[in-house]
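Single-letter residue listing:
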Amino acid sequence: MPGTALPQLGLGLRHVHVEHILQHQPEVDWFEIISENFMFSHGRPRHVLRQVAERYPLAMHGVSLSIGSSDPLDMAYLRALKVLADEIKPRWISDHLCWTGVHGHNTHDLLPLPLTDETLAHVAARVRTVQDVLQRPLLLENPSTYLRYAASTWSEPAFLAELVAQTGCQLLFDVNNCYVSCFNAGQDPQDYLATLPWHAIAQLHLAGHQHCGTHIIDTHDRPVAAPVWELFRQVWARSPQPGVLLEWDADIPDFDACLAELHKARRYLHEDIPADAARPAARHEAISTPVDFLIAPVLQDAATHTTEPRHAQPVL
Amino acid sequence: MPSPCSEAAPAALTELQHFMQQVLMSSDNRGREAQIARHIAPGPRLPAAEHLAIYQRAYLARLLQCMQGQFKALNHALGPALFRDFAADYLREQPSSSPTLAHLGAGFADYLRRNRPDADAPEDWIDFMIELADFEWSLYTLFDAPGAEGSGYASVDDLANPALRLQPALLLRQYRFPVNHYYQQVADEQDPDHPDPAPVCVALVRSHYRSGIFSLRPLQYELLQRIALLQPGQPFQLAVRHTLDQLGPAGHATVQQWLLAWVQAGFLVINQPYTTSCR
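Just so you know, the sequences run in chain order A and B. Numbering of the first sequence is given in my numbering, commencing with residue 1 and proceeding in unit increments. Numbering of the second sequence is given in my numbering, commencing with residue 1001 and proceeding in unit increments.
FYI, nobody ran anything at the bench for these hints, they're computed from the structure. All residues carry an ideal CB built from backbone N, CA and C; glycine is no exception. You may find that some hints are simply not true.
Said to hold, decoys possible - Residues on chain A that point at chain B, a partial pick, calculated with CB under 7 Å: (1) 36; (2) 41; (3) 42; (4) 44; (5) 77; (6) 119; (7) 122; (8) 147; (9) 150; (10) 154; (11) 157; (12) 158; (13) 214; (14) 241; (15) 284; (16) 287.
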């Protein structure tokens, strides 16, 4: 029965929190990792991940699958993804309905696709290949979008519904992204929800955004906005008890502050919380899809040592 | 393993993505107004070009932020504005081609070397910046490189073992400037001046998942280089012999002291396969 149970609440695993998590083992239902942070790691990130995986269920969330690119699928990338999945046995493996680059380049952005019949056939074929490699359904997330293509003939939820029908993939529905994309396109989120394939939603994302007046940027750098909580309440009521995850990727506060924000999800679902006052429009546009949190904290890691014995005499 | 889907992408998608990537990476819409109007729909509050501009602004800003994270000491040395100028030019010349941002700065030191602004009359501070970029990137790659944590390190009982070798997560570097001291001062949140030339040899080592910077004497550096160049089957003692000849009668005890310290610092393993290409 949709919407009757308490949600399983997860947090995005960020390196600034890892020591706290391993030391205090806080009560979190699951963590979500950014797959690319660990797929190619031979050092401490992978080592730490193994320790986290011993204590918590994990989900793998990717940002470079580029499922809609006109470049061929990167099979080496897929194999590395599978190796990591075999090792940590995640609940879900997800990425975005987007493309990230062509001609062998990676913009490291989640770029929107023209939603056409041709794109649908192209993406569906690639989703089937990915699922064959991973031997499990792929979850696809609706990205935040800041433009619409003139060529698009499908709405995003209808496109996702058809993709689900053709491939058996599942959905990671990002409530904040839905709100952001709808505002930027001048669309009512209620219209978006009307055609969403609810049965396929396995996971929900929540995050903060920056309202710039004429448009909204998906910044993941602040608490979830009041209208997004309201939308979340509606989405949860109609979904088949998906996992709920909070993403916080820039200006990341301490772990307890992230956890407090995550726990608001239960309160919004089961208590009557009034919506916060609307936020004022920002003066400076923040970066969409922040990625600097993906950079390893090497400067803090390295230390200068000496191997000289005490009282050693210079040799040469 | 299934074969990749080999069907060609739709021509319209290919054309659109080629166009989008070009305008993102160049951030220059001049002469492309008609294409923008053809591909991108105007929004309720912004014209099509302004919707595109949101992506254009974020593309470079996002990657520059990553570069500043990968080269924190160089960013400090150059100052954020000049660092961003160099990094933006680098990203325009060498856009990322990796699924992970961990490789973003891989070519930056070489880029600076090839595009130094003082090509006609080389200046010391440019040399320092290039060396600092190389040092910082070496340390960055070491953080997540294959190491010996899984297979184990040599112990003091192994010092006579002919199969003793350098561990894989160890890089040897020589610089004309003391970039290691400058880096450490920035890490300690000091504000160091650009240093004068003063040659240094360093070993960058990751042991037990912790990275360390070790200053070396020239003869120590030379010995470690000889160990790195040993071929499979050659005894470890072959590398040591030359150093013993140079040190004279006191050489044996000195080298033993060094080896003991290096073993304790996790420099050495027993005959583990490793690549020498990164040294």
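Verification of the hints:
1. Look at residue 36 (chain A): its Cβ gets to within about 5 Å of chain B, closer than 7 Å, so that hint holds up.
2. Annotation: residue 41 (chain A) was flagged as interfacial toward chain B, and the flag holds, the nearest CB pair being 5 Å apart, inside 7 Å.
3. The criterion of a C-beta within 7 Å of any C-beta in chain B is met by residue 42 (chain A), whose closest approach is roughly 4 Å, and the hint holds.
4. With a least beta-carbon distance of about 4 Å to chain B, the hint placing residue 44 (chain A) at the interface is held under the 7 Å criterion.
5. Among the interface hints, the one on residue 77 (chain A) holds; its C-beta lies about 5 Å from the nearest C-beta in chain B, closer than the 7 Å criterion.
6. Using the Cβ-Cβ criterion of 7 Å, the hint placing residue 119 (chain A) at the interface with chain B is satisfied: the shortest such distance is roughly 6 Å.
7. Look at residue 122 (chain A): its Cβ gets to within about 6 Å of chain B, closer than 7 Å, so that hint holds up.
8. The restraint placing residue 147 (chain A) at the interface with chain B holds, with a minimum CB-CB distance near 4 Å, inside the 7 Å limit.
9. With 7 Å as the threshold, the beta carbon of residue 150 (chain A) comes within range of chain B, its nearest partner Cβ sitting at about 5 Å, so the hint holds.
10. A least Cβ separation of about 14 Å between residue 154 (chain A) and chain B goes past the 7 Å threshold, and the interface hint is therefore violated.
11. Below 7 Å, beta-carbon pairs count as interface contacts, and residue 157 (chain A) has none with chain B, the closest being about 18 Å; its hint is therefore violated.
12. A hinted interface residue such as residue 158 (chain A) counts as satisfied when its beta carbon comes closer than 7 Å to some beta carbon of chain B; here the least separation is about 17 Å, so the hint is violated.
13. The restraint placing residue 214 (chain A) at the interface with chain B holds, with a minimum CB-CB distance near 4 Å, inside the 7 Å limit.
14. Because the beta carbon of residue 241 (chain A) sits about 32 Å from the nearest beta carbon in chain B, more than 7 Å, this interface hint is broken.
15. Residue-level restraint check for residue 284 (chain A) is violated (minimum Cβ-Cβ distance to chain B is 11 Å; threshold 7 Å).
16. Given the 7 Å rule on beta carbons, the hint for residue 287 (chain A) holds: about 5 Å separates it from the nearest Cβ of chain B.
This entry does not satisfy hints 10, 11, 12, 14 and 15, going by the numbered hints stated previously.
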